[in-house]
Each structure stands twice: as structure tokens, then as C-alpha cells.
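Undergrad: Spelled out from the first residue to the last, the chains are:
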Amino acid sequence: MPSADNSILRLPGADAPRPAPRVLPRFPAPLGLVLPLIALAAWEFAGARAWLPGNLLPAPTVIVVTLADLAKSGELVDHLLATTIRVAAGFALGIAAATILGALCGAVPLARRLLDPTIQGLKSVPSLAWVPLFILWFGIFETSKVLLIAVGVFFPVYLALAAGIPGVDRKLVEVARVYRYSTAALVRRVLLPAVLPTYFIGLRSGLALGWMFVVAAELMGASQGLGYLLVDGQQTGKPAIIIASIILFAILGKATDVLLAAAAAWALRWQDSFKPQTP
Amino acid sequence: MLTLNNAAKRYLNGYLALDGISLAIGEGEIVGVVGASGCGKSTLLRLLAGIERPTAGDAAFDDAPLLGPRNEIGVVFQEPRLMPWLSVEANVAFGLRHLPAVERSARAAETLERVGLAHFAKSLPRELSGGMAQRVAIARALAARPKVLLLDEPFSALDAFTRLALQEHLLELWSYDRPTFVLVTHDIDEALALADRIVLMKGHPGRIHREFAVDLPRPRSRTAARFLSWKEEVLRELHITAASGRSAVAPRLLRAAV
Numbered sequence: 001m002p003s004a005d006n007s008i009l010r011l012p013g014a015d016a017p018r019p020a021p022r023v024l025p026r027f028p029a030p031l032g033l034v035l036p037l038i039a040l041a042a043w044e045f046a047g048a049r050a051w052l053p054g055n056l057l058p059a060p061t062v063i064v065v066t067l068a069d070l071a072k073s074g075e076l077v078d079h080l081l082a083t084t085i086r087v088a089a090g091f092a093l094g095i096a097a098a099t100i101l102g103a104l105c106g107a108v109p110l111a112r113r114l115l116d117p118t119i120q121g122l123k124s125v126p127s128l129a130w131v132p133l134f135i136l137w138f139g140i141f142e143t144s145k146v147l148l149i150a151v152g153v154f155f156p157v158y159l160a161l162a163a164g165i166p167g168v169d170r171k172l173v174e175v176a177r178v179y180r181y182s183t184a185a186l187v188r189r190v191l192l193p194a195v196l197p198t199y200f201i202g203l204r205s206g207l208a209l210g211w212m213f214v215v216a217a218e219l220m221g222a223s224q225g226l227g228y229l230l231v232d233g234q235q236t237g238k239p240a241i242i243i244a245s246i247i248l249f250a251i252l253g254k255a256t257d258v259l260l261a262a263a264a265a266w267a268l269r270w271q272d273s274f275k276p277q278t279p
Numbered sequence: 280m281l282t283l284n285n286a287a288k289r290y291l292n293g294y295l296a297l298d299g300i301s302l303a304i305g306e307g308e309i310v311g312v313v314g315a316s317g318c319g320k321s322t323l324l325r326l327l328a329g330i331e332r333p334t335a336g337d338a339a340f341d342d343a344p345l346l347g348p349r350n351e352i353g354v355v356f357q358e359p360r361l362m363p364w365l366s367v368e369a370n371v372a373f374g375l376r377h378l379p380a381v382e383r384s385a386r387a388a389e390t391l392e393r394v395g396l397a398h399f400a401k402s403l404p405r406e407l408s409g410g411m412a413q414r415v416a417i418a419r420a421l422a423a424r425p426k427v428l429l430l431d432e433p434f435s436a437l438d439a440f441t442r443l444a445l446q447e448h449l450l451e452l453w454s455y456d457r458p459t460f461v462l463v464t465h466d467i468d469e470a471l472a473l474a475d476r477i478v479l480m481k482g483h484p485g486r487i488h489r490e491f492a493v494d495l496p497r498p499r500s501r502t503a504a505r506f507l508s509w510k511e512e513v514l515r516e517l518h519i520t521a522a523s524g525r526s527a528v529a530p531r532l533l534r535a536a537v
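Heads up: the protein sequence lines correspond to chains D and R, in order. Quick note: the first sequence uses my numbering, first residue 1, plus one each step. Quick note: the second sequence uses my numbering, first residue 280, plus one each step.
These aren't lab readings, by the way, just hints derived from the structure by calculation. Every value quoted in this text rests on a predicted model; they were computed, and no experiment measured them. Be aware that a few hints might be false.
[Claimed, not checked] Quick list of in silico lysine to any residue cross-link-like pairs, SDA-like style, CA-CA up to 25 Å:
| hint | chain 1 | residue 1 | chain 2 | residue 2 |
| --- | --- | --- | --- | --- |
| 1 | D | Lys171 | R | Pro425 |
| 2 | R | Lys401 | D | Leu268 |
| 3 | R | Lys481 | R | Asp456 |
| 4 | R | Lys401 | D | Gln271 |
[As the list claims (entries may be wrong)] A few chain R positions that, by computed beta-carbon distances, are all more than 10 Å from chain D:
| hint | residue |
| --- | --- |
| 5 | Arg289 |
| 6 | Asp298 |
| 7 | Ala328 |
| 8 | Glu358 |
| 9 | Gly374 |
| 10 | Ser384 |
| 11 | Gly482 |
| 12 | Asp494 |
| 13 | Thr502 |
| 14 | Glu512 |
We put the beta carbon where it would ideally sit given N, CA and C, even for glycine.
With these hints in hand, go ahead and build the complete structure from the sequences.
TA: Have a look at this one:
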């Protein structure tokens, strides 16, 4: 026969495991760094030539020196810790609430009909509108800040579950029914794992919002934290401190997102999905 | 041990999928349910599995009403339906949640051994071929040690070679402890090769058209004269001519269509 049927290769006797696709891509060339580096060089050059107003836009080296001074005095670590702890606490609280309510509304139709409209309604309140109320209720200190961050984190994570779970393959759910899984076991053993890819997207959006809201929370009054540094830099007329804080926010936000993305890649290594190779 | 008594199933949209089905499945029997697609075979199996309840008549297991899925009744679906995030081993143990962990993994390992996939215990479903995945699905059902195994066109998505191999494999598994099998299929060869009894169904609404006891000795040869004459008989009942081995609509039906 001219056309060999290669289905014979799949006879049970000839079973061979297919090589698992690489989960981690090779370390990609840092192409993304090229543009910022050129911009930095141009900025430094312009600053050194005094083409830029130094009292409004200090050169990168000035910012680095400012950062180094802050670090030397130990202040920087305190500010970084204060902000990071707030985000971590708010993130944890937001995730916990969103996971419980999202799983409930996703898996139990009655809960969905009862709770989802209210939650969706609250979602359309711009989250910063809660600030005055939270300050009134919980004071100016940590509680109101952590709660505000938690509110920001809550909605994307809730939405990922509440919208993701009804989309889980009915066929897998039926298998759990055949083995007489309770609703709780069904949620834990089938629905949550199946919705994990969507859940991680929700977590990453939630984390981004968490970093956004910590700024708002710290701008509204704090004695420590990167947001406090921003206000301090403005009030004392030190743009270097403001820019340094912005850069630190960028670094922290990116670093935590990279960590979360790595955790997602590890947790989702079972996925049989389109994984484009990094060029 | 598993019976349907004058059972009917009407779906919520008003469609009557099954009507007047009475069927008794005996212990250790292999029953083949054969019919064209859309004739209600799968619905029949879902009633037997307790996944769905009849809208009229009743279903019973060991003389007690069948009100939902039971540990004694295993199901193998048309697709493997493995949990993609669980290893092969964990998939096989999926239905053993009620057992202590040690026994659970021992049973999963033992069942995987029986379907010849012990080496793949740690693999993920995406690393398996279609035939291997379906064997894992069979192992998952067998691991729970059901008294009845219901199979819904389990090999229909596989290529002809794998299908033949798995049919033989299923017979081996059956001879191991002789559970009861109900095999829904549209493959007449498959039903004749495996079943002690064939239930022929016709659709709209699904009813049992005829039952045959297949008195061929095992192991069965698919080319023996008696096998072929049985095949012709079944095809005739389904109004499909066996001429030249190709299925075609009976001339009588064609004329009616013109």
C-alpha cells in the first residue's frame, strides 16, 4: 500500500509517551530593555547639559542617589515593607472573600440568583468612592487601607469564578456526579481546578488593582509607605523622591506579577494548550 | 439485577426520547444495545446509570428503585473524560474518594496494571493517545469495582486498529471477574463479537425493536460463517442491506423517499 496508515503506531503494544512540551521557555533575549535604556541615556545626557529644569525633572543619577540615601538611612525598607504588607493583607482578604463568594455563586444556582445581582451592582460603584465611608467607619489607619485594597482585588477574582464555573465542561461534572461527589467535593475537586486558568487571570488583574489602590489608600493619609513618599516629595518640593517612588511602584508591581505568572505556569502545567515559543 | 420497567424519558423540551422500555440485565451478562444514532441508546444508558430518571415507569437495581448514581454501577463514556489536571494514577483513583489513601493508591496501581498502563501512572492525560486515554477511563470505572459497567460507545472515536485491540482487551477484563457489561454501540461487529445478548433499538421515540441471544462460542471469529449470518440478520432488522459490505438504505425505504 502506498499510503501507510500510521494509526497502527497507536496500537496498545506500541504505546510510547509523547514528550511533554516544554513548560518553561528558554530565557528570552531582553529586547524589552532596549527602549527604556535608550530613554534613560538620553534623559541623563539632557540633565547633565542642563537642558532640563533640575528642580522639576532631576536626572536619573540624582534619583539613584536619592534612593541610595533613603536606603542608607533604613527609611526605604520601612516604606517598602509598609506598602507591601498592606497590599499583601488586602490581596489575601480580597482573594479569600472573592473565592468563597465566586465559587458559591458559580456552583449553586440559588446563591447566584440571590447574591450575584447585588455584587454586580456594587461592582459598578467606582471603588475610590468608598474612601470617605471607610475612613469614617474604620478610621484613617490600617483597617480602612487594607479594606480598600481588598475591595479592588475582590471584583476581578469574583468575576473569574462566578463567570468561569458555569463554563466548565458539563462532561467532567457528570463524571463527578457518577461517583456521587457532594457539591463541596465537586467544587474542590473539579470546578476549581477546571477554572484555574481563568482564576489566575483574575488574580493577576486583582493584583494590579491592589497596587493601584494602595496608592490611593496611602495618598489619603499615611505616615509610612511609598504613597506617603509621593506626598512627602510633593510637599517638600523634591521631584527626585516622587519619581523614585513611582519607579519603586513599577518594580514592585512587575515583580509580584512575574511571581504570580510563574506560579500560574507551574499550577497549569497540565494544560494541553497553545504555548507560543518565545522568539 | 438492573431493570427498566416500562420506562419512558421525555426531555424538558417535550421530546420523547424513550418510550415503553422494559429491559432486565442479568448478573455477569454482556448486553449489547445497538441502533442508529439518535435512537435513544445513550438515554437508555443514562437511565441505567441513574444519571437521569425516567419520566414514566421505573428503574431498579437489585430490586430497589434506582434514584441516582450508585457505587455498584460504573460508567465509561464515549470520550475518556479524564480530569486534565490529574495524573493518570489520580484519575483512576477519582472514584475511590471514600477509601483511605493507602488503599486508594494500591487499587489505582492494581487497576492500571490490569489495563497495561502501569508505566504511565505519573503521566498527564495530555501525554496519552486516544486509545490509552480510553483505557485509563475504563480503569477508572473498574477501580471502583462496580457490579455493572455501562459503556456508552466507548470505542467509537478510535481508529479501527485500536478499536479491535480494546474490544479484545475488554473481553479479557470481563473474564477476570465477570462483571455485568452493558455496551451501547452502533458497531454491529462490536456487539456481535462481545455480547451474549443484543438489544436492537429504533428511534423517535426510542423503543426496543427486538432482542437476540447471540449463541456464538467464545472466542469468536469475526469471519466465521455463523458470525456473518448473524450480522446479516441484524442488518436486515435495521433495514440496512449487507450487500457488498457497504451500508445502504433499503430499496423499499428509498422508493418511499422518492
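Undergrad: Just want to verify: Arg289 (chain R) was marked as not at the interface with chain D; is every Cβ pair farther apart than 10 Å?
TA: Per Cβ check, Arg289 (chain R) is outside 10 Å of chain D; nearest 20 Å; holds.
Undergrad: Quick one, are Lys481 (chain R) and Asp456 (chain R) close enough, alpha carbons at most 25 Å?
TA: violated (32 Å)
Undergrad: Regarding the assertion that Gly374 (chain R) does not contact chain D, is the least Cβ-Cβ distance greater than 10 Å?
TA: The claim breaks: Gly374 (chain R) does not keep its Cβ more than 10 Å from every Cβ of chain D (closest is about 4 Å).
Undergrad: With 10 Å as the threshold, tell me whether Glu512 (chain R) passes as away from chain D on beta-carbon distances.
TA: The assertion about Glu512 (chain R) holds, with a minimum of 31 Å to chain D.
Undergrad: Is Lys401 (chain R) within 25 Å of Leu268 (chain D), Cα to Cα?
TA: holds (16 Å)
Undergrad: Beyond 10 Å from every chain D Cβ: check whether that's true for Asp298 (chain R).
TA: The claim stands: Asp298 (chain R) keeps its Cβ more than 10 Å from every Cβ of chain D (closest is about 24 Å).
Undergrad: Checking a non-interface call: every C-beta of chain D should be farther than 10 Å from the C-beta of Thr502 (chain R). Is that right?
TA: holds (20 Å)
Undergrad: Just want to verify: Ala328 (chain R) was marked as not at the interface with chain D; is every Cβ pair farther apart than 10 Å?
TA: At roughly 7 Å from the nearest Cβ of chain D, Ala328 (chain R) sits no farther out than 10 Å, so the non-interface label is violated.
Undergrad: Quick one, are Lys171 (chain D) and Pro425 (chain R) close enough, alpha carbons at most 25 Å?
TA: holds (20 Å)
Undergrad: Say whether it holds or is violated: Ser384 (chain R) keeps its Cβ farther than 10 Å from all Cβ of chain D.
TA: holds (16 Å)
Undergrad: Regarding the pair Lys401 (chain R) and Gln271 (chain D), is the alpha-carbon distance no greater than 25 Å?
TA: holds (15 Å)
Undergrad: Does the claim that Gly482 (chain R) lies outside the interface with chain D hold up, using a Cβ gap greater than 10 Å?
TA: holds (23 Å)
Checked against the numbered hints listed earlier, the structure breaks hints 3, 7, 8 and 9; every other hint is satisfied.
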